[in-house]
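S.K.: Okay, here's what each chain looks like letter by letter:
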Amino acid sequence: MLILARKKDESIIIDDHIEISIVEIKGDQVKIGISAPRSVKIFRNEVYLAIQEANKAAANSGTELPSLDIFKHP
Amino acid sequence: MQVLTKPYGKIEVDERQKIYFPNGLLGFENLKDYLLMDAAQQPFYWLQSLDVPEIAFVMINPAIFRHNYNPEVSLSELEEIDLSVVDSDNVLVFSIVTIPEEHSKMTANLQGPVIINRDKKYGRQCISTNNEYKTQHYVLEELAVEKDSVC
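The listed protein sequences correspond, in order, to chains W and C. If you read the first sequence in numbering that gives the first Met the number 0, its first letter stands for residue 0, the second for the next number, and so on. If you read the second sequence in numbering that gives the first Met the number 0, its first letter stands for residue 0, the second for the next number, and so on.
The hints are simulated quantities; they were obtained by calculation from the structure and are not laboratory data. Keep in mind that this is a model prediction, so the values were computed, not measured. No residue lacks a Cβ here, since even glycine has one placed at the ideal position from N, Cα and C. Don't take each hint at face value.
To be verified - Okay, the calculated beta carbon distance ranges per label pair:
| id | chain 1 | residue 1 | chain 2 | residue 2 | range |
| --- | --- | --- | --- | --- | --- |
| 1 | W | V22 | C | I63 | 36 to 44 Å |
| 2 | W | S66 | C | K119 | 28 to 36 Å |
| 3 | C | H66 | W | F42 | 20 to 28 Å |
| 4 | C | E28 | W | H16 | 25 to 33 Å |
| 5 | W | K7 | C | E79 | 32 to 40 Å |
| 6 | W | R37 | C | D118 | 49 to 57 Å |
| 7 | W | T62 | C | N89 | 29 to 37 Å |
As the list claims (entries may be wrong) - Residues from chain W that face chain C, not an exhaustive set, calculated with beta carbons under 7 Å:
| id | residue |
| --- | --- |
| 8 | P36 |
| 9 | F42 |
| 10 | A53 |
| 11 | N54 |
| 12 | S60 |
| 13 | L64 |
Whole structure, please, built from the sequences with the hints as guidance.
M.R.: This is the structure in structure tokens:
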């Protein structure tokens, strides 16, 4: 992993068209600004982890499915 | 063709039910070939891995409990499965469901919808950019709310 030190208001450029800047540093929290084309997908890592976890839980579900009744009488 | 499935054992299926996921599903990136089939119980579907018979996901159409479901996925994700818009006839949108022992507590993942290009048989698990959607929505609770709001 490439590690770069940056101060507040400094930035880095990735692949000519993605700019990541340090907007604010407060205690153990850093605010990051990202300028990128709309086609670039940007998500917090937690989102990926949450979906991975949900998929794993779903894959471990049994094969017995609820009957239609529970949809009629929730 | 004959396929070994998690819910039904070995069954005969139509070749056209095969869906290719170029990136797999999150956490299951290595499994790319799936079979889409109706479950014996409506309104469920099975997404059965063709590589590992023990891996299969239950899915539902999220519209049955969220009429206005709009995952707002990025265009680049759709383009990866040769789609340009999400609201065409060629698009199928599913939510993966987790079914615990107590069936009434089943949850649907609205944050990571499974989107399928029906013509080309490509699929992708996209990520919703709409913060309203989480990975665990209690389907029956929300269905009850939806019914109330319609009445």
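S.K.: None of the hints should be skipped; say for each whether it holds.
M.R.: Verification of the supplied hints:
1. W:V22 - C:I63: 36 to 44 Å: holds (42 Å)
2. W:S66 - C:K119: 28 to 36 Å: holds (34 Å)
3. C:H66 - W:F42: 20 to 28 Å: For C:H66 and W:F42 the Cβ distance comes to about 26 Å; the hint holds.
4. C:E28 - W:H16: 25 to 33 Å: holds (27 Å)
5. W:K7 - C:E79: 32 to 40 Å: Holds - the Cβ-Cβ distance for W:K7 and C:E79, about 36 Å, lies within 32 to 40 Å.
6. W:R37 - C:D118: 49 to 57 Å: violated (25 Å)
7. W:T62 - C:N89: 29 to 37 Å: About 30 Å separates the Cβ atoms of W:T62 and C:N89, which means 29 to 37 Å holds.
8. P36: violated (9 Å)
9. F42: With a minimum Cβ separation of about 6 Å from chain C (threshold 7 Å), the hint on W:F42 holds.
10. A53: Status holds, d = 4 Å.
11. N54: Nearest chain C Cβ about 5 Å off; hint holds.
12. S60: Hint on W:S60: holds, closest Cβ of chain C at ~4 Å, below 7 Å.
13. L64: With a minimum Cβ separation of about 5 Å from chain C (threshold 7 Å), the hint on W:L64 holds.
When the structure is compared with the earlier hints, violations turn up for hints 6, 8 and for no others.
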